[in-house]
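There are 4 protein chains.
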Amino acid sequence: MPLSAIAINCTLKRSGGEQSSTDRMIGLLADELRKHEVEVRDTIRIADHDIKPGVSSDEGEGDAWPDIRRRILDCDILIFGTPVWLGQMSSLAKRVLERMDAFLDETDDQGRMPSFGKVAVAGIVGNEDGAHAITADLFQALNDVGWTIPSAASDYWVGEAMQSKDFKDLPQIPDPVKQGAAMLGANAAHLAKLLQQQPYPGVPEGS
Amino acid sequence: MPLSAIAINCTLKRSGGEQSSTDRMIGLLADELRKHEVEVRDTIRIADHDIKPGVSSDEGEGDAWPDIRRRILDCDILIFGTPVWLGQMSSLAKRVLERMDAFLDETDDQGRMPSFGKVAVAGIVGNEDGAHAITADLFQALNDVGWTIPSAASDYWVGEAMQSKDFKDLPQIPDPVKQGAAMLGANAAHLAKLLQQQPYPGVPEGS
Amino acid sequence: MPLSAIAINCTLKRSGGEQSSTDRMIGLLADELRKHEVEVRDTIRIADHDIKPGVSSDEGEGDAWPDIRRRILDCDILIFGTPVWLGQMSSLAKRVLERMDAFLDETDDQGRMPSFGKVAVAGIVGNEDGAHAITADLFQALNDVGWTIPSAASDYWVGEAMQSKDFKDLPQIPDPVKQGAAMLGANAAHLAKLLQQQPYPGVPEGS
Amino acid sequence: MPLSAIAINCTLKRSGGEQSSTDRMIGLLADELRKHEVEVRDTIRIADHDIKPGVSSDEGEGDAWPDIRRRILDCDILIFGTPVWLGQMSSLAKRVLERMDAFLDETDDQGRMPSFGKVAVAGIVGNEDGAHAITADLFQALNDVGWTIPSAASDYWVGEAMQSKDFKDLPQIPDPVKQGAAMLGANAAHLAKLLQQQPYPGVPEGS
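Chains as they are written, first to last, in this note's numbering: chain C, 8 to 214; chain X, 8 to 214; chain F, 8 to 214; chain U, 8 to 214.
Simulated from the structure, these hints should not be mistaken for lab results.
Don't take each hint at face value.
To be verified - A few chain U residues that face chain F, going by a derived Cβ cut-off under 8 Å, partial list only:
id, residue
1, L80
2, A143
3, N150
4, L201
What the hints assert, rightly or not - Listed below are several chain F residues computed to face chain C (Cβ distance under 7 Å; list not exhaustive):
id, residue
5, R76
6, R78
7, L93
8, S98
9, A109
10, F110
11, D112
12, A148
13, P206
14, P208
We put the CB at the ideal spot given by N, CA and C, even for glycine.
Using the sequences and the hints, build the whole thing.
As structure tokens, then:
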């Protein structure tokens with residue numbers, strides 16, 4: 008079965024305005040995944056949707072999460088894209104993680120969460136500083152709720168401290184960021200393929 | 008080839024004194040790995056060794072890291088055990104991560120660090136609070152330097168806030184901690200086996 | 008001039024349902040501040056309001072932030088209350104911090120942000136683990152945007168790892184948490200009074 | 008009484024070799040403090056001393072901490088300087104924090120730790136990314152053990168993501184970093200003076 012990936016863009020801006028730096032990073036990672044025969048589906052711009060606060064999988068009337076949740080779990084690979092604000096991930100990125108808290112209670116009879124066997128990678132952009140802190144918080148939370156993290160799974164760009172250059176405005180993407188993307192794409196595709204073919208066995212309840 | 012694992016215990020106390028809570032956690036995780044036919048070798052008590060500050064793989068005369076580095080890289084799975092102090096990992100845990108910084112420059116001609124294809128898991132114990140913060144910092148740093156993180160790869164115990172109960176003194180290990188260990192063992196062994204049989208391909212230099 | 012304080016409760020639940028553990032913690036801290044002649048005004052339940060995503064002080068039509076921002080900046084002390092989810096602060100807490108990013112550009116001719124001379128403290132509750140991580144992220148972000156942090160400014164409660172006891176259901180608040188609140192109240196009131204009487208001088212532009 | 012400050016440099020390198028970027032940052036902050044009549048004493052290069060692992064104030068024979076602890080607590084202001092490695096503070100910085108854990112038990116009869124009324128600021132330098140994460144971990148740990156954090160108390164420099172420029176080699180220090188230092192110096196001196204003149208009252212035991 009061919010591998011599939013989906014991206015979420017947790018920028019604070021809705022679609023339709025200026026270009027998003029986070030989208031440029033997601034595009035870079037998506038292109039690398041495609042080189043490994045991964046079908047990269049949509050990028051979901053979180054700011055366009057009304058994901059309600061909460062820790063269940065459906066917070067009722069008007070909640071955009073059930074549909075987004077389904078689309079994420081339909082794929083083998085999640086590209087988690089977020090900008091940096093105050094050195095931390097956006098509140099929209101935090102909202103998505105929060106809603107995945109429900110996975111902890113949605114285990115099958117082998118104790119496996121719906122995210123088991125799926126692979127997550129991070130794409131992070133900011134004007135200056137914060138990518139490692141976000142990687143830490145992302146990987147801890149994503150791993151808690153069942154995602155597998157391939158080797159070297161975070162690609163990022165930030166500019167010099169306290170400056171305001173945007174990733175979207177760089178005339179070209181710096182080589183180390185491109186190389187990071189190439190390795191991330193190769194690692195994520197390889198690991199997702201292995202886990203698709205041979206899923207985690209889990210641990211039977213009561214064992 | 009049978010899988011092998013090694014543990015590091017980053018408690019601040021040398022061997023020979025009182026029992027280490029971190030050792031009890033490591034023991035729990037090691038037992039679970041053994042159920043999946045993983046040969047668990049030593050637990051290296053970091054406080055017994057003089058790992059020099061630095062970011063190279065050999066800081067010269069008297070540096071204990073080259074030998075510890077070799078023993079870690081001889082195995083497929085690393086159990087990273089650390090206590091919690093002030094809500095953060097110990098300075099000895101930090102020292103070990105720091106020395107792994109050198110992996111970034113020790114890539115083969117496919118761009119792969121020596122840790123590529125190896126799996127890391129965390130065992131964290133404290134009197135109260137701090138396990139998630141340490142998981143975050145550990146997984147970010149370990150993943151940066153090439154380790155793969157299986158699903159639900161951190162098992163931990165902390166007591167109620169601002170109290171001083173020790174994990175080593177619990178009459179029995181709480182069920183959720185045992186279940187976490189069982190799942191961690193199953194996931195780590197499964198993923199390490201897949202990566203042993205089918206290593207990451209890497210990305211050829213200059214591609 | 009008498010000191011004033013305001014609290015924000017970043018629970019994911021709207022008012023009107025079950026009691027909030029975060030409210031109980033805020034109540035404890037508020038009582039201690041009142042012992043030092045601080046007028047504690049409202050607790051703003053963030054989930055009741057529509058604070059828009061963004062990093063300006065007014066995101067337009069329907070944005071609840073301008074009013075909340077004004078009420079926060081009318082006071083000398085901010086009690087920042089948040090629950091723990093996945094070991095991290097709530098997305099609503101993150102949203103509030105994000106909106107304070109605008110303070111960085113709202114300096115007076117002495118370079119002082121609107122938060123200069125104001126004191127922030129944290130009240131954090133969860134079932135298990137995460138308070139130190141949230142304290143770290145909160146104090147970094149709040150301090151970046153100008154808040155002063157008095158000695159020992161975080162009070163928290165979390166239960167034993169991987170359990171589900173709620174702070175609101177404890178028959179009584181544990182002594183160390185009460186003592187933490189007493190010290191926090193004394194320290195915050197003392198420091199806020201000093202800064203009210205003798206504001207930071209700032210640094211003249213172009214000096 | 009004139010104010011005094013001391014700096015610690017947590018670079019991994021001993022004195023006597025190449026210049027330290029962290030020293031350059033410390034020098035910048037020290038100069039700003041001197042403009043406010045603060046006597047800035049030594050910079051303690053932690054790598055030159057053998058601070059033992061542990062969480063007491065004296066770990067016995069050969070432990071350099073008791074003397075360093077005394078020198079730090081003799082001053083009103085601590086400049087905490089650390090480099091960035093893997094997006095985190097150095098293991099030597101972590102060691103210093105760990106030893107301050109003992110302050111929690113060294114309270115006077117008003118419940119005040121030896122650090123009460125003292126002010127801490129951070130100076131952080133790295134090639135690329137990590138300053139906010141370190142600020143978070145530093146301020147949480149320092150505040151836990153009693154230090155007060157003045158407004159905007161972290162100054163830092165990191166270069167563009169994944170590059171290797173050193174702060175010590177910049178032909179000149181960028182303006183925003185200089186402005187950050189000027190504000191940090193003014194804020195720290197102001198707050199330390201207030202707290203020197205009017206110490207925290209603390210909370211009597213058993214109250």
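Checked hints:
no.	hint	verdict
1	L80	14 Å, violated
2	A143	4 Å, holds
3	N150	6 Å, holds
4	L201	4 Å, holds
5	R76	16 Å, violated
6	R78	20 Å, violated
7	L93	5 Å, holds
8	S98	4 Å, holds
9	A109	11 Å, violated
10	F110	10 Å, violated
11	D112	11 Å, violated
12	A148	5 Å, holds
13	P206	24 Å, violated
14	P208	22 Å, violated
Checked against the numbered hints listed earlier, the structure breaks hints 1, 5, 6, 9, 10, 11, 13, 14; every other hint is satisfied.
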